[in-house]
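Asks: So the chains spell out like this:
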Amino acid sequence: MTLVQAILSVILAVIFISAILFVIFGQVTVRKLRKNPATKHALGIEFVSGWDIVNVAGALALPKTVAQKIKRNSVSMGLGQGFEADLDLLYKHTTWFDRLLARLFYWSWASSGLASIVLTMAYFLFDLGQS
Amino acid sequence: MFLTVATPVGWVGLIVVAAAASVGMNYIVKEENGGVYDSIMEWISAL
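Here the protein sequences come in this chain order: Y and G.
Each residue of the first sequence is one higher than the one before, starting from 1 at the first, in our numbering.
Each residue of the second sequence is one higher than the one before, starting from 132 at the first, in our numbering.
Among the hints, erroneous ones may be present.
Simulated crosslink set (SDA-like; lysine to any residue; CA at most 20 Å straight-line) [what the hints assert, rightly or not]:
hint: 1; chain 1: G; residue 1: 161; chain 2: Y; residue 2: 125
hint: 2; chain 1: Y; residue 1: 92; chain 2: Y; residue 2: 65
hint: 3; chain 1: G; residue 1: 161; chain 2: Y; residue 2: 92
hint: 4; chain 1: Y; residue 1: 40; chain 2: Y; residue 2: 125
hint: 5; chain 1: G; residue 1: 161; chain 2: Y; residue 2: 9
hint: 6; chain 1: Y; residue 1: 71; chain 2: Y; residue 2: 39
hint: 7; chain 1: G; residue 1: 161; chain 2: Y; residue 2: 71
hint: 8; chain 1: G; residue 1: 161; chain 2: G; residue 2: 150
hint: 9; chain 1: G; residue 1: 161; chain 2: Y; residue 2: 39
hint: 10; chain 1: G; residue 1: 161; chain 2: Y; residue 2: 93
hint: 11; chain 1: G; residue 1: 161; chain 2: Y; residue 2: 10
hint: 12; chain 1: G; residue 1: 161; chain 2: Y; residue 2: 126
hint: 13; chain 1: Y; residue 1: 40; chain 2: Y; residue 2: 126
hint: 14; chain 1: G; residue 1: 161; chain 2: Y; residue 2: 94
hint: 15; chain 1: G; residue 1: 161; chain 2: Y; residue 2: 123
hint: 16; chain 1: G; residue 1: 161; chain 2: Y; residue 2: 117
hint: 17; chain 1: G; residue 1: 161; chain 2: Y; residue 2: 122
hint: 18; chain 1: G; residue 1: 161; chain 2: Y; residue 2: 65
Calculated from the structure, these hints are not laboratory results.
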């Protein structure tokens, strides 16, 4: 097994875990938020079906004080409200367990996604394949 | 960031980048999984 294959196996394993966490977080937390009239329209834009799960997880992923500081300076990619999930509303309607799930899911999702993009670029830029 | 989601060209670019990344990752997984398979089989037969 080459180094590239070892790194690839780790990334794929984390992707697999994050896929399972995606479904669990979606069913446990986001389903509850979608049903709640107070949070129904505060889950951000759905680029593809289920993307609101990622929006919610992303909003809850950082520690509350850090996330609020970022939010105050953010203009939501210059497009105003509606693209991101509403942080304050989400904190009002989630438990500590929801936030734990959000953090576990979001960081496994984001790190494996970023790592696979970096690996793909490095693979073709530096010709890391066998043969 | 703003140009990515505020213009049609940005949206098309987003789709093109996503498609390229997807094709690239698929290529890598197909090329490299043989070595991973071999080492798993070696490990199992060594048990």
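Asks: Which hints, by number, does the structure contradict?
Replies: Failing hints, ascending: 3, 4, 7, 9, 10, 13, 14 and 18.
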